[in-house]
Amino acid sequence: MNKLLIVTTREYLRNVKKVTFWIATLFFPLFIILAGLVSGLSGKVVEDSITKSANEAENIIVSDAVGVINKDLLKTDVYKNVKLIDNKEEGVNKIKSGEADVFISIPQDFYTSKNIQLYQQSKGIFAQGAFTVFADSLIKQSILQEVNNEDKIKIYNSTFIPEIISYKNGQVVDDSIVRLVVPGIAVIIYFILLSFANSYLLASVSEEKENRMIEIVLTSIDSRSLIIGKILGQVATVFTQLLVLVTLGGIGLFFVKDSIGGIGDILSKITISPWTVVMAVFYMICGFMILGNIMVGVGASVPNYKDAQSFSSVFIILSILPIYFVTIILADPNGLVSQIVSYFPLTSAMILLLRYTLGELQTWEIIFTSVLLIIYVAATFGLAIKLFEFGSLEYSNRISIKNFWKTLRA
Amino acid sequence: MENIISVKNLSKSFGGVEVVHDLEFDVKKGEIFAFVGPNGSGKTTTIRCLLKIYQADRGDLKVFGEEYSVSLAPKLGYLPEERGLYVSANVLDTMIYFGMLKGMKRGMARDAALDYLARVGLLEKATQKIQKLSSGQQQKIQLGIAIINSPELLILDEPTKGLDPVNRQLLMDILFELNKSGSTIVFLTHQMDEVEKIANRLLMINKGMKSLYGEVNEVRSQFGLNTIHLYYQGEFKPNPDLFESKVEGQYAELTPRPKVTHDEILTYLVKLNMSIEKYEVAAPSLNEIFINVVGAEK
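Here the protein sequences come in this chain order: A and B.
When the first sequence is numbered by the numbering used here, its final residue is 410 and no position is left out of the sequence of numbers.
When the second sequence is numbered by the numbering used here, its final residue is 1298 and no position is left out of the sequence of numbers.
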């Protein structure tokens, strides 16, 4: 078997055989599903409790100092349990004595203060707002009755569906949320690749040094093949993770697409061209390689994994920095900030990926930045190999920049 | 006889300090070659340069007649001084991995690993994680990795470091077996008793330079038949006017002072309150030579 393949296979199997790998892989989607379930369940419990409280209220009394409540409305099914009383004091007393479930007091200064008071039997913290919507609806529907036009009332109560047509430089452009789905997914995949694979890679390089295996390894395989094998092994590991995530996500979408309004619509509007896939994969690989090469250099430069983790965090933070100002980039994909981070080695792949999938890169930019990314990858790889060859035998020491520079020059 | 290793004019510096200076030696096919010298003398650096782990500043270094490259890995076994194991991996997987890196097929590597584990009494540990093994057991695995491919050339840097006497003997037996089956063995050490036991030839270096080189017996005879080996019972009293002495239990190695004869020393010894069990005049031990050479060059 080819030595590169031997190293790749070992790295891959070593990762996927670990229980912690599967915990980390399954934890994320399971956490989302569990959090969704818990949140949905508790939301439903609260909603049920509120609805129950509202439905069970048989005695709703209202004192209306300004005469805003429409008496005809109180004859309808929805508001049949509402009774008007003359004064506030009587209402409060009925609540105190338990004769009424809720008392809505509309004060004299209602038109200016817009305040009302709700007196109710306590049903717990979450049921506290059970009658707020009811009171709001009672007043607004009462006012609407004055309009006395059924169509207008229907329109008032409906939700508008706007059709948005945006123009940029005289051309219609797509600014819908659908446009963000592909870039969003691409950036999430890139982020997972970056964080998981590079952390595996760092551990793998540090392991050679920490376990004092590097001399035996380097007499059997050249450092270039060893590092490429390690990188491929970690990429294969992350693709396994992605496959699991995508499969779980697909299963989840299949079940919820009809129950959650809008998702089915959004999915049906997404079209991904083969070129988008090719370029997205290209940007991801370049971004991963640049940071991966830096991780190799870091792993070889310090004595152990713990030190390597601290040292590498600087580079990881720099490479995910664009996430913190993603709204600026999305708002103006060709603005100054976007341009600057498009050319900075640690951030360029991610930003270019985002801008490309948003359709904001011109052809010359695509060509120029692609060449630039390849140069970044080659330069960091060359540096990583040198650092690895120089640093991996410095078992207990951090490498000296001065000595490393001398070696580079030699 | 064919040279398996040939080193000519090797020099290597670190940060302006020359660690190996103009070193030259050969290792012949089928021999057990001892590479000795005090700590920091340049032994490990020489081997690292030979195996291209370090780049030599100067010199012509050949292994199997060519500069070392990983294409020669199938013929090489190497146990470095700084050695460890992938502690979180299991024993058999680790051995198979290195077997395959040395060009073996998976099945062959697996068979060889299992044979070796059985030979050293660790077969039942094959599927265990290395971190669960004792340090002695881990050292056996390290040796196993070095010899899994039945190498034509085996280079061992301080192979007995940290081994108990039983495991040291086991290692020696394995080395003899390998040598018998045709492997050339180079071992780096400063344990002179090991050299006397198994080596055919030796190279002693000090401060990166060659001090002694040749067959073990030749090297010893270069230092003359001037050492008295004395085995006794009772109390031994040194006499610095007559000889320098080194005592270990009921054994003493005496080196006469200049112009002092063996008869004078024997006369002195007879007068002591002790019984002499064995009195022998022979070549100095390698240990003595080592101390003399290294001491003289300090």
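Treat the hints as calculated values from the structure; they're not laboratory data.
Don't take each hint at face value.
[To be verified] Derived lysine-lysine pairs resembling DSSO-like cross-links, with alpha carbons at most 27 Å apart:
(1) K3(A) with K1062(B)
(2) K83(A) with K71(A)
(3) K386(A) with K1062(B)
(4) K306(A) with K1129(B)
(5) K1062(B) with K18(A)
(6) K1075(B) with K18(A)
Here is how each hint holds up against the structure:
1. This hinted pair checks out: K3(A) and K1062(B) have alpha carbons roughly 24 Å apart, not beyond 27 Å.
2. Proposed proximity of K83(A) and K71(A) is supported: the alpha carbons are some 10 Å apart, at most 27 Å.
3. The hinted pair formed by K386(A) and K1062(B) meets the criterion: a straight-line CA distance of about 24 Å does not exceed 27 Å.
4. Using a Cα cut-off of 27 Å, the hinted pair K306(A) and K1129(B) holds, with the two alpha carbons roughly 22 Å apart.
5. Proposed proximity of K1062(B) and K18(A) is contradicted: the alpha carbons are some 43 Å apart, above 27 Å.
6. A threshold of 27 Å between alpha carbons decides the hint, and for K1075(B) with K18(A) the separation of about 34 Å lies outside it, so the pair is violated.
Of the numbered hints given earlier, the model fails hints 5 and 6; all others are met.
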